[in-house]
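K.L.:
Residue numbers (this note's numbering), protein chains in the order written: chain A, 1 to 358; chain B, 1001 to 1358; chain C, 2001 to 2358; chain D, 3001 to 3358.
Calculated directly from the structure, the hints in this document are not laboratory data.
Hints may be right or wrong, so weigh each one.
[What the hints assert, rightly or not] Cβ pair distances, simulated, as ranges:
1. Glu3283/D <-> Leu282/A: 37 to 43 Å
2. Gly206/A <-> Pro3054/D: 50 to 56 Å
3. Ala2136/C <-> Val3129/D: 32 to 38 Å
4. Pro1075/B <-> Ala211/A: 36 to 42 Å
5. Val3129/D <-> Asp2079/C: 43 to 49 Å
6. Leu1052/B <-> Thr3272/D: 58 to 64 Å
7. Gly3070/D <-> Gln241/A: 51 to 57 Å
8. Lys2085/C <-> Leu1080/B: 49 to 55 Å
9. Ala2276/C <-> Gly206/A: 32 to 38 Å
[Unchecked claim] Which stretches of chain C does chain B cover? Using the computed rule of at least three CB atoms under 8 Å from a CB of chain B, they are:
10. 2056-2063
11. 2295-2304
[What the hints assert, rightly or not] With a straight-line cut-off of 30 Å between C-alpha atoms, the simulated DSS-like cross-links for lysine-lysine are:
12. Lys3319/D <-> Lys1212/B
13. Lys32/A <-> Lys131/A
14. Lys1085/B <-> Lys1005/B
15. Lys269/A <-> Lys180/A
16. Lys3322/D <-> Lys1322/B
17. Lys322/A <-> Lys2107/C
Even for Gly, the Cβ is constructed at its ideal location relative to N, Cα and C.
Number of protein chains: 4
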Amino acid sequence: MSQVKVQTAVVGVGGYSGQELARILLHHPQLKGTPPVFAGRPEANTAKAESLVPLTAIHPRLMDNNGSAGLVIEPFSWDLLESRKVEVLFLATPHEQSREWAPEALKRNIRVIDLSGAWRLNEAGNRAVYKFEDEASDTAVAVQAKSIYGMPELHRDEIRDAQLVANPGCYATSIILALKPLVDANLLDLDRGIVCDSKSGVSGAGKAPTAKTHFMYAADNLSAYGVFGHRHTGELLEQLQLSPAQIVFTPHLLPIPRGILSTIYVWFKEATNAEAIQTRFLEFFANSPMVRVFPNGELPQIQYSAYTNFCDIGFQLAKDGKRCVIVSCLDNLLKGAAGQAVQNLNLMCGWQESEGLV
Amino acid sequence: MSQVKVQTAVVGVGGYSGQELARILLHHPQLKGTPPVFAGRPEANTAKAESLVPLTAIHPRLMDNNGSAGLVIEPFSWDLLESRKVEVLFLATPHEQSREWAPEALKRNIRVIDLSGAWRLNEAGNRAVYKFEDEASDTAVAVQAKSIYGMPELHRDEIRDAQLVANPGCYATSIILALKPLVDANLLDLDRGIVCDSKSGVSGAGKAPTAKTHFMYAADNLSAYGVFGHRHTGELLEQLQLSPAQIVFTPHLLPIPRGILSTIYVWFKEATNAEAIQTRFLEFFANSPMVRVFPNGELPQIQYSAYTNFCDIGFQLAKDGKRCVIVSCLDNLLKGAAGQAVQNLNLMCGWQESEGLV
Amino acid sequence: MSQVKVQTAVVGVGGYSGQELARILLHHPQLKGTPPVFAGRPEANTAKAESLVPLTAIHPRLMDNNGSAGLVIEPFSWDLLESRKVEVLFLATPHEQSREWAPEALKRNIRVIDLSGAWRLNEAGNRAVYKFEDEASDTAVAVQAKSIYGMPELHRDEIRDAQLVANPGCYATSIILALKPLVDANLLDLDRGIVCDSKSGVSGAGKAPTAKTHFMYAADNLSAYGVFGHRHTGELLEQLQLSPAQIVFTPHLLPIPRGILSTIYVWFKEATNAEAIQTRFLEFFANSPMVRVFPNGELPQIQYSAYTNFCDIGFQLAKDGKRCVIVSCLDNLLKGAAGQAVQNLNLMCGWQESEGLV
Amino acid sequence: MSQVKVQTAVVGVGGYSGQELARILLHHPQLKGTPPVFAGRPEANTAKAESLVPLTAIHPRLMDNNGSAGLVIEPFSWDLLESRKVEVLFLATPHEQSREWAPEALKRNIRVIDLSGAWRLNEAGNRAVYKFEDEASDTAVAVQAKSIYGMPELHRDEIRDAQLVANPGCYATSIILALKPLVDANLLDLDRGIVCDSKSGVSGAGKAPTAKTHFMYAADNLSAYGVFGHRHTGELLEQLQLSPAQIVFTPHLLPIPRGILSTIYVWFKEATNAEAIQTRFLEFFANSPMVRVFPNGELPQIQYSAYTNFCDIGFQLAKDGKRCVIVSCLDNLLKGAAGQAVQNLNLMCGWQESEGLV
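Looking at chain A on its own, in the form it has when it is part of the complex (with noise of 0.2 Å):
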């Protein structure tokens, strides 16, 4: 891959996902003068399909952003990208839409970062709650076996030479990352099981209008749903190897635009001490600049690390040395998933971790 350019390309940047991402890379230090290629599903994100749309007009918030004012969102086509000379594409599409493009991005030698549910999964049975159509075909199995969970304090040298990312889920990053230190480490008790109670801004349930992203609902409210059926819990029980029976998830939707937090309840095996988890952390974490332990007794807030690209991770342990809630924060829509997808970026072109990452 070039050194001096890398031409990337964005599908769906219509979405809170997309629009975080064009903003990310229309000002990535090492993109400069190379913005990114916005192609448009031409059914949903763009409102005429045949023309060309300002990216502006769809995201006023983005002009006159470092030289945003000529680019323009373009019907999408491989032609398109090939022309282009794209060689990262960026698909922050709907799972099924990535189930399909995806696998012709790779063989057309054009590296991918998905940002959907759509190659996170390794078995099966994690996956049937997608319900993918082509969930048993050839093309489908090899494209999974090529596939790297995005998550780069789990997987940085896979990522490095990935051709395919699957970026991680938001709620999943949240709750992966708080507990793979101790899980790894095989001091929880996880018979007693563990308890993962998250709460989330309503970005995360994305642009369309609902029901449920009213404004009359989500104000002055708070409401858990998807209770033990929601599609990120796939990604814990393989990322943290836990079987379905020691893990309970609750995700809620909280009255804010960003942010996620989550309380996880883990009982130790053996009664320990905070400096021993302390320690367990930063040495985890030694090499992840977008991770922030907190200090001994201090808890994380949403506030800390929204409209930044950190994960912050603290927690309080009981006078018996056993129980103990962690607690741990991001964005949804940047560690959650903009900002992580450039975060692999950056290790898939070599650059610094955290380059262009506030």
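Given the structure of chain A, go ahead and fit chains B, C and D onto it with the hints provided.
P.N.:
Then chains B, C and D, alone, in the frame of chain A:
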């Protein structure tokens, strides 16, 4: 009309105003044991048109409220209203529906309180913005002639005997009540113009999920809309007898569920003093239980009248005695809609004007 | 106690619970013409201790509400209560104040409903977190022995005759009501632990302006606090008869004005089914008008019970029949404070339990 | 001034503007390796005056941001600034403090960018509202004479060489930028008056916890304040050269963290058309990278400019060609404070005006 029992009916209980109407009527002291007939517009507000939908399935909030448990939304038909001996029909429906149903109800000797904009405007020019299909029909002309603008503070006596009450718009209520005492007393320099800068909570935009009612659009935001073209302008012109050049009205979408605050800028013809203005307001509303004139030098806030049927009015006069800022507040779903509708019901039934309205 | 009139008094009307209490009592059907005596803690809740402060100067929201116009907050004295023949005294005061005043009131034969945490806990170990100065005094021990935990669903009969009712904590109410039916029936595997993840609106943090009640701290945020150390924990332990190792309770500060949602994780001893759980809840609350058990498979949301005195309870059982998520919601100022206090008043006066509580 | 390195210092980093200033300066491309000196006002902004307070202890949000880890807030002293060779001093302090320190800094040849209202106003009458103790002193008069109003769009050239830049008020910035092009071109009928109805997020009210910054006061609310008496009025009068009778300015407190929207009502002398107005705005701001003139017929919203340094301007003209509503938006902490301060720094240092400002 019976002194003992009044049978009401509500069409459009599924919307925000309809829900408030249901809540108020179910607790109304004069309607104990006589709950409204809830009749659903089959195509719009109820999922299952043909069967009976429990009221609390649509509004869990109303569960176990004064016997709501057994109540159902029934498919609308004139036979239904007749068989239940409905005397007063609330239409919490889109204006197209009200244009069609109000005349029919009157024909059947059912009194109507219409919450839409269908019958509020006497002048064709002001009605133009609604593009009524039946604009020029004989029936429409005749019905409009019978329609009483349902603002008790201005038209109390006519409302008592009205067959058709056109419940005012929410913005219009907040502005007309604030200006009427001064305009009627001929105190204002109308040639300098009146500026009405109004801000409304999102419930005013209705229950349909749209791009503009999406939480992500409304939250952490403020936006002006309908500049020089909002439908409520006609009500201001007619009730205050102003010409279009004499008033500017700009509504804004506030990131809160409910409440309107109108900041109104007027110039007095002659330099005056605060006491005189205060006295004028107090006199005008002396017999109006649902208007609260604020102490001199204090201004109402949205919180004070939210969840009440009051319209709050305060003002601040500049030292020059001419420039004056009036602030009026109300709950757009109550005094701006369902509450005012019940205030009208109370007058129509000979009850205390504020009965059942906290 | 007189059947005709009951004279109440409220100390601490300046706070959020006090304001709600005033609103409810002013509209209570049994108290028409007998408004409460409002007695101000001179140093804390009223600006001018010596003079009479109009109620509506502190709470503009209460203006013109059922004769509130003439009401004043009077400097507190026992003579004042005596001269007005106060029979029931509401203490919406800090717990230190309630520790001092409740015994004095009892001595004077005034029944007390205390909204603070002063008299809720029977065990010294659980009271330790409050650091009561009079902890070991004979009076305190004697008064505590008379105190009835004011949760009608658990202690209805004792409340009727109580001299001192200790109104429960808001979090505690939401959790105890959700768990009591299952704990009492001995259905839960308590050794696996119960996790209570609670979220409360900001009014729960009180009216004093602090760094944590600043809009900029609370808005667009979520934060956990008081982990393993919240004062309401003792109420959970005593009312549910649990040991500390059996329960974890984590409160969070929600960016909304009012409402609590508790997500509660339990494990059943034996695999069960939803119908059995539903039946258990329905039976337990069969005579409790202020608890709404949700239809099987539906979960309550904060909005449903906000501005009401209901506690809403719903649940979801995992396919394994063992893991279960219970969600309970209430308005922290109503069922969690002032509303429940009036519910207790109703029982103490022999009125209908839900009277005056919408 | 050195081309290679510029040493800055910030006093008042503990406030909201100070925090944003720290964030921007830590990421400023021209300041890499030269972080600001953070000097705490001992009595106000730091808990431990004598010792060194880690920056991230006050602002967890800034953790691990471009080497913030080692940064501390040091007790302020002139020796500190001298020993660090500070060339530009940002005062994010109350105006009383800035009145005292700006003269001292100038004496020591340190250039000052003052974010308070201390040095913005040339006329004693306009300054009266601040009640400066040193109002008539020779020093104050001399310093005021050197002070440049730090709005680059109006005073770009003078700012480049300024010793003291008085950074404009947030409301004033939104209003002056919207009106200056029209006022300067003598297009407005000033005798009819200009109405400025402004709404600001709560961060504008400062970090001190008060009754008005309490979440319960601000949330779900809107309130007008400072009617006919807000401090920013003087800036409007001086920069637009208007008389008090020609303008009314009413600020409101919006229930959002950040952002200002000003709705401005003007009357043109002669009937005009939208194209002419649009052209006038575009010409006026042709060389101003931080003002975005909106496409004809589109109005900016708070969300578009929140978290950016842009001021957005749009307008709607009535059919009569005379009445016009202008809407301008900005982020009160950025273009309204810290961002505009850095914009001024950029000019003072000969850098690109928008450098480091996303």
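K.L.:
Starting from Lys322/A, check that the Cα of Lys2107/C is at most 30 Å away, please.
P.N.:
47 Å, violated
K.L.:
Lys2085/C and Leu1080/B, beta-carbon distance inside 49 to 55 Å?
P.N.:
Holds: the Cβ-Cβ distance is about 54 Å, inside 49 to 55 Å.
K.L.:
Next pair to validate is Lys32/A with Lys131/A; report whether the Cα-Cα distance is within 30 Å.
P.N.:
40 Å, violated
K.L.:
Can you let me know if the beta-carbon spacing of Leu1052/B and Thr3272/D is within 58 to 64 Å?
P.N.:
60 Å, holds
K.L.:
Sort out whether Lys180/A lies within 30 Å of Lys269/A, counting only the CA atoms.
P.N.:
16 Å, holds
K.L.:
Taking the CB of Val3129/D and the CB of Asp2079/C, does the distance hold inside 43 to 49 Å?
P.N.:
47 Å, holds
K.L.:
Please test the hint of 32 to 38 Å on the beta carbon pair from Ala2276/C and Gly206/A.
P.N.:
Taking Cβ atoms as reference, Ala2276/C and Gly206/A lie about 37 Å apart, which means the hint holds.
K.L.:
That 32 to 38 Å hint for Ala2136/C and Val3129/D (C-beta), does it hold up?
P.N.:
Given a distance of about 57 Å, which is not inside 32 to 38 Å, the answer is violated.
K.L.:
Holds or violated: Lys3322/D with Lys1322/B, Cα cutoff 30 Å?
P.N.:
23 Å, holds
K.L.:
Would you mind confirming whether the straight-line C-alpha gap from Lys1085/B to Lys1005/B stays at or under 30 Å?
P.N.:
The given pair, whose Cα atoms are some 11 Å apart, holds under the 30 Å limit.
K.L.:
Measuring from beta carbon to beta carbon, are Pro1075/B and Ala211/A in 36 to 42 Å?
P.N.:
22 Å, violated
K.L.:
Check whether three or more residues of the segment 2295-2304 of chain C sit with their beta carbon closer than 8 Å to a beta carbon of chain B.
P.N.:
Contact hint for the segment 2295-2304 of chain C vs chain B: holds, 5 residues under 8 Å.
Figure legend: structure checked against the earlier numbered hints; hints not met, in rising order: 1, 2, 3, 4, 7, 13, 17.
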